[in-house]
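Peer 1: Residues in the sequence shown are numbered consecutively from 3, following this note's numbering.
Don't read these hints as lab results, they were simulated from the structure.
Ideal placement from N, C-alpha and C gives every residue a C-beta, glycine not left out.
The reader is advised that the hints may include incorrect statements.
What the hints assert, rightly or not - Ranges of calculated distance between the beta carbons of each label pair, as one might list FRET restraints: (1) Ser79 x Gln50: 32 to 42 Å; (2) Thr189 x Gln44: 35 to 45 Å; (3) Asp206 x Ser81: 21 to 31 Å; (4) Gly129 x Gly62: 17 to 27 Å; (5) Ser55 x Pro214: 13 to 23 Å.
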Amino acid sequence: MIRAVSRLPVVAAISISAVWMSAPTFSQDTARPASTVRAAAQPVDYFQFPLPSWAPHCLGFGSEWRYCDGTVLRRCSASGAIWLHTGVDITTGIQPVMAAANGVIIGYIVDPTFRGGILIRHDTPNGIVITQYWHVWPRAGYTVGTVVTRGEVFADIADMGSRTHFHFAVFIGDYEADAWRGALPPTRCDGFPAFPYRFVNPTDFVMSHWQPIPLPFRSHRQPMPFPFQRPISTRTKP
3 MIRAVSRLPV
13 VAAISISAVW
23 MSAPTFSQDT
33 ARPASTVRAA
43 AQPVDYFQFP
53 LPSWAPHCLG
63 FGSEWRYCDG
73 TVLRRCSASG
83 AIWLHTGVDI
93 TTGIQPVMAA
103 ANGVIIGYIV
113 DPTFRGGILI
123 RHDTPNGIVI
133 TQYWHVWPRA
143 GYTVGTVVTR
153 GEVFADIADM
163 GSRTHFHFAV
173 FIGDYEADAW
183 RGALPPTRCD
193 GFPAFPYRFV
203 NPTDFVMSHW
213 QPIPLPFRSH
223 RQPMPFPFQR
233 PISTRTKP
């Protein structure tokens, strides 16, 4: 099957070391426009969670950036301040990963520690939003420039042994190198912007952009089902 490709400028797949800690740089060979358009990404009105269940792992939004055993992953060189987590980690086994909303894959990188990272760009009524997916491998046919729709499976959780989990983040604004960050310092240091920069709590963001489910029409003669039944009065008649 031929996948749709967007006209938007995109960041091609690269392999770098410790991308969460050092800004990736893209040469002319690794940063290029996408191929010819076959279909445009549909505008975004609603978002959903990329996994069917959403149970927290060790780190939430704004948590100190540590492994589950407490080992610190990064500190500011001058102050020693521990970096803060830009997304949420979700407990999961190896399973499919869905696009949070309609969009275009604009970046794919591979890190020896954190496995694959993918960015998807979404055009919303309030501006551009980028969703970040870490510890995943893209499925065949899903490359930089591929158009995806909300709920479409485009990747799988990567096997990280006992550390297998999923990292999801939401970045407000168009692409820049910092959209890749899995963590940022609490105050600006070492050339990095201070947390949260343009990141927002991804769980809150998705919940506030969830598609409402309309209730089916019911006749006024029909009783409302639980839990919408009116409470039974406990008052006694005089």
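Peer 1: Now tell me, hint by hint, if it's right for this structure.
Peer 2: Okay, the hints, checked on the actual structure:
| no. | hint | in the structure |
| --- | --- | --- |
| 1 | Ser79 x Gln50: 32 to 42 Å | holds (39 Å) |
| 2 | Thr189 x Gln44: 35 to 45 Å | holds (39 Å) |
| 3 | Asp206 x Ser81: 21 to 31 Å | holds (29 Å) |
| 4 | Gly129 x Gly62: 17 to 27 Å | holds (25 Å) |
| 5 | Ser55 x Pro214: 13 to 23 Å | holds (21 Å) |
In this structure, none of the earlier numbered hints is contradicted; all agree with it.
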